[in-house]
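> Using our numbering, read the sequence shown as starting at 1 and increasing by one per residue.
Some hints could be false.
Stated by the list, open to error - Estimated spans, in silico, between C-beta atoms of each pair:
(1) Q13 / A103: 20 to 28 angstroms
(2) L90 / K7: 23 to 31 angstroms
(3) T66 / I21: 23 to 31 angstroms
Keep in mind the hints are simulated off the structure, nothing from the lab. Heads up, the beta-carbon is just placed ideally off N, CA and C, and yes, glycines get one too.
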Amino acid sequence: MQKARPKHLALWQIRLPLPGIVSILHRISGALMFAAIPFMLYALEGTLSSAERFAAFKECIAHPVTKLFLLAVLWAYLHHACAGTRFLFLDIHKGTDLKTARATAYVVLAVSLSLTAIIGALTW
1 MQKARPKHLA LWQIRLPLPG IVSILHRISG ALMFAAIPFM LYALEGTLSS AERFAAFKEC
61 IAHPVTKLFL LAVLWAYLHH ACAGTRFLFL DIHKGTDLKT ARATAYVVLA VSLSLTAIIG
121 ALTW
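Please construct the entire structure, taking both the sequences and the accompanying hints into account.
Below, the structure written as structure tokens:
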């Protein structure tokens with residue numbers, strides 16, 4: 001009979017491989033995009049309703065905190081799209097060997113971060 005041992009999962013001490021990190025970031029980016037929907041819809045409604053509200057939102061977007069929020073949403077969208085494409089290929093059993101899985105996980109991180117940096121730099 002196996003002895004019941006207490007489980008202590010110190011999540012910050014677990015060292016995940018890169019594909020695991022990409023998988024968790026895919027979930028986080030999806031949750032971030034879902035949480036951003038009300039704010040983005042409010043901004044869309046406000047910018048389309050009147051010229052005064054458009055000017056107010058234009059001033060709001062100039063604030064650094066708003067820019068960081070929009071940059072985070074941009075990263076979430078780009079990462080979710082890149083990782084989702086990777087997972088679609090994994091679903092059809094393409095790139096499932098360890099070497100390819102690690103390489104594609106690295107590519108997903110590199111592409112999503114570089115596209116976020118490029119688009120963010122061009123926008124602001």
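> Now tell me, hint by hint, if it's right for this structure.
Hints versus structure:
1. Q13 / A103: 20 to 28 angstroms: Taking Cβ atoms as reference, Q13 and A103 lie about 26 angstroms apart, which means the hint holds.
2. L90 / K7: 23 to 31 angstroms: holds, 29 angstroms
3. T66 / I21: 23 to 31 angstroms: Roughly 28 angstroms apart at Cβ, these two residues keep to the hinted range, so it holds.
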